[in-house]
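Chains as they are written, first to last, in this note's numbering: chain A, 1 to 262; chain B, 1 to 365.
These are computed hints drawn from the structure, not numbers from a lab.
Misleading hints may appear alongside valid ones.
[Stated by the list, open to error] Within a straight-line C-alpha distance of at most 25 Å, the following computed BS3-like cross-link-like pairs (lysine-lysine) qualify:
1) A:K117 with A:K99
2) B:K259 with A:K117
3) A:K27 with A:K77
4) A:K144 with A:K117
5) B:K259 with A:K99
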Amino acid sequence: MENIATSASHLRSEDVNVWFGERHVLKNVSLNFPGNQVTALIGPSGCGKSTFLRTLNRMHELIPSAGFAGRVLLDDKDIYGAEVDPVDVRLNIGMVFQKPNPFPTMSIRENVLSGLKLTGRRGYIAEEVVETSLRRASIWNEVKDRLNDPALSLSGGQQQRLCIARSLAMNPEVLLMDEPCSALDPGSTRRIEETITELSDSMTIVIVTHNMQQAQRVSHQTAFFLSEEGNPGRVVEFGKTDDVFNNPVDPRTNDYVNGHFG
Amino acid sequence: MSELDLSALPRPKSQPWQVRNPKNTWLITAASVLPMVLAVIITLGAALDPTVATILVFLPLQIIASVSVGQYIYGKKGRGDALLVIFTIFFSTLVGVLLVSVMFSVVVNGIRAMSPQFISQNNVYISPTTSLGYGGVGHAVLGTVLIVGLTTLFTIPLGILIAVYLTETRGRMRSTVRTLVQAMSGLPSVVSGLFIFALLISPNFGNATGFTQQAGWVGSIALFPLMLPTVARIAEEALRLVPQELRNGAYALGAPAFKAFWQVTLPAARSGLITAALLGVARIIGETAPLILTTAPANNTNLNVFEGSIATLPTYLYSYISQAQATSQQRAWGAALVILILVFVLFSLARVLGSAKSTKAKKRK
Numbered sequence: 001m002e003n004i005a006t007s008a009s010h011l012r013s014e015d016v017n018v019w020f021g022e023r024h025v026l027k028n029v030s031l032n033f034p035g036n037q038v039t040a041l042i043g044p045s046g047c048g049k050s051t052f053l054r055t056l057n058r059m060h061e062l063i064p065s066a067g068f069a070g071r072v073l074l075d076d077k078d079i080y081g082a083e084v085d086p087v088d089v090r091l092n093i094g095m096v097f098q099k100p101n102p103f104p105t106m107s108i109r110e111n112v113l114s115g116l117k118l119t120g121r122r123g124y125i126a127e128e129v130v131e132t133s134l135r136r137a138s139i140w141n142e143v144k145d146r147l148n149d150p151a152l153s154l155s156g157g158q159q160q161r162l163c164i165a166r167s168l169a170m171n172p173e174v175l176l177m178d179e180p181c182s183a184l185d186p187g188s189t190r191r192i193e194e195t196i197t198e199l200s201d202s203m204t205i206v207i208v209t210h211n212m213q214q215a216q217r218v219s220h221q222t223a224f225f226l227s228e229e230g231n232p233g234r235v236v237e238f239g240k241t242d243d244v245f246n247n248p249v250d251p252r253t254n255d256y257v258n259g260h261f262g
Numbered sequence: 001m002s003e004l005d006l007s008a009l010p011r012p013k014s015q016p017w018q019v020r021n022p023k024n025t026w027l028i029t030a031a032s033v034l035p036m037v038l039a040v041i042i043t044l045g046a047a048l049d050p051t052v053a054t055i056l057v058f059l060p061l062q063i064i065a066s067v068s069v070g071q072y073i074y075g076k077k078g079r080g081d082a083l084l085v086i087f088t089i090f091f092s093t094l095v096g097v098l099l100v101s102v103m104f105s106v107v108v109n110g111i112r113a114m115s116p117q118f119i120s121q122n123n124v125y126i127s128p129t130t131s132l133g134y135g136g137v138g139h140a141v142l143g144t145v146l147i148v149g150l151t152t153l154f155t156i157p158l159g160i161l162i163a164v165y166l167t168e169t170r171g172r173m174r175s176t177v178r179t180l181v182q183a184m185s186g187l188p189s190v191v192s193g194l195f196i197f198a199l200l201i202s203p204n205f206g207n208a209t210g211f212t213q214q215a216g217w218v219g220s221i222a223l224f225p226l227m228l229p230t231v232a233r234i235a236e237e238a239l240r241l242v243p244q245e246l247r248n249g250a251y252a253l254g255a256p257a258f259k260a261f262w263q264v265t266l267p268a269a270r271s272g273l274i275t276a277a278l279l280g281v282a283r284i285i286g287e288t289a290p291l292i293l294t295t296a297p298a299n300n301t302n303l304n305v306f307e308g309s310i311a312t313l314p315t316y317l318y319s320y321i322s323q324a325q326a327t328s329q330q331r332a333w334g335a336a337l338v339i340l341i342l343v344f345v346l347f348s349l350a351r352v353l354g355s356a357k358s359t360k361a362k363k364r365k
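Based on the sequences and whatever the hints tell you, model everything.
Put into structure tokens, the structure is as follows:
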């Protein structure tokens with residue numbers, strides 16, 4: 001486990017604004033994601049939290065009608081700077097999607113190593129990377145005897161943990177997770193939550209979730225997104241998870257976390 | 001609470017949705033058999049032509065029988081249901097019969113000419129009166145393989161490139177290109193042949209010598225506009241079927257666009273792309289008109305596609321079927337059978353190639 005970074009980077013967004021076509025969907029989002037902290041993004045569907053997450057590693061701009069203004073700083077360096085290659089940004093800021101998306105033509109082993117291959121780092125390809133990554137994603141014991149099986153032979157929960165392992169093989173400083181458990185059963189969800197807690201020792205994690213209990217279980221701080229009456233989405237409340245859930249400043253946060261709307 | 005029985009049970013003989021009233025079973029059986037029996041009796045009695053009788057006697061009888069039984073058992077919606085079922089079965093049978101009869105006549109007529117020597121020998125020293133024991137289409141098979149192979153060599157990459165442009169990029173010309181490709185697929189093959197003929201062989205349609213003589217490679221170029229739209233359109237569909245999540249997965253790992261395409265999208269679309277290549281080949285392998293205009297017929301084996309006259313299966317077939325002698329016509333049928341076999345071999349090959357990846361992945365290490 002020697003080549004794993006132990007001090008994670010610090011991510012910050014400053015006045016992030018997002019448009020789809022002419023529609024303004026996210027307004028002035030300024031959030032701070034300190035190293036080794038897990039931040040949960042919560043809010044009703046359509047409030048822009050997944051969109052915001054995708055601006056953090058420049059996946060957002062892959063949507064043809066996307067628009068963006070603002071700054072996202074990774075260790076005080078703007079990832080939207082003119083000289084920055086989005087491909088390099090995504091090397092340092094990994095992402096796990098809502099639906100497990102292992103590469104169907106590859107085996108389990110090849111999936112874990114796919115990032116290294118895809119980025120031309122064949123020199124880093126080694127058996128330890130496979131084992132280390134799979135162990136960190138808590139799936140090693142389930143797959144160690146069948147590393148050459150197709151990735152699609154795994155169950156949905158295992159596929160999602162394989163996708164996490166695939167991201168971890170790149171040793172990112174920040175990991176973004178877009179509702180990683182929404183398609184999974186409670187058992188798989190619990191294992192992924194344990195994984196998140198362990199990973200936060202070595203990296204910064206931002207997770208979008210619709211599950212209030214999950215946000216409380218895994219996150220250190222929480223941001224509540226809301227978009228009212230067709231206005232662009234924005235952050236209503238941001239603070240320590242305990243405070244947001246038990247002692248919210250804004251009454252709308254209170255209503256949402258207690259299930260009164262949304 | 002008594003002890004739970006956790007063991008598996010055998011599947012019941014009949015499923016709830018398969019249970020039918022016995023009276024209805026009799027009615028349905030009668031409706032399926034009686035019209036046919038009645039139609040056969042009427043046809044034989046009145047000495048009608050079987051084809052005419054099928055449409056004018058059997059079909060109406062079957063419709064009446066099925067619709068009344070449908071009405072009786074299921075009420076109003078049973079009528080429409082019965083009609084749809086009758087038409088579906090009738091027309092799919094019709095298409096099936098047509099397909100089989102085409103194959104049947106080719107095989108029956110072609111098999112007489114068929115022999116190992118017919119496939120391996122060429123046509124030198126063969127006159128219209130020579131018996132079928134001599135000569136064959138070997139030279140034409142090689143010519144077809146060479147010309148179609150050459151076309152495939154530059155059409156497949158180009159067609160896939162077009163598909164990649166249409167699906168993987170945000171180029172501004174996409175809709176224009178797509179329209180052009182679609183328009184191209186409507187190009188009559190004889191026009192393509194004529195265009196290449198006029199462009200490369202005889203610019204003035206007179207005695208003026210053009211850029212080149214008739215040759216295999218000119219034929220390849222004339223086949224190109226026919227193959228390209230097929231390949232491009234099917235390849236586009238294949239690439240479009242690859243889920244966006246896979247590309248996103250690759251991008252999120254920090255993959256450059258080209259590597260994401262090369263290592264993730266392309267392998268995922270593999271079998272679809274092989275189908276595209278194959279249907280492209282199938283589209284042109286029997287093309288005759290462009291080759292008549294752009295290649296010169298030959299009786300000898302010519303392996304040089306860049307010079308000289310060269311025979312192909314379709315042009316061989318065309319020249320022999322228009323001759324009067326029975327042996328000549330049998331040679332033409334034989335050539336038709338060889339084309340069918342060639343297409344069949346190609347399709348089988350592609351099926352094997354298309355599924356090879358998954359088995360290989362399992363075997364490794």
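Tested hints:
1. A:K117 with A:K99: 23 Å, holds
2. B:K259 with A:K117: 9 Å, holds
3. A:K27 with A:K77: With a Cα-Cα distance of about 22 Å, the restraint between K27 (chain A) and K77 (chain A) holds, given a limit of 25 Å.
4. A:K144 with A:K117: Status holds; Cα separation ~21 Å.
5. B:K259 with A:K99: 22 Å, holds
In this structure, every one of the numbered hints holds.
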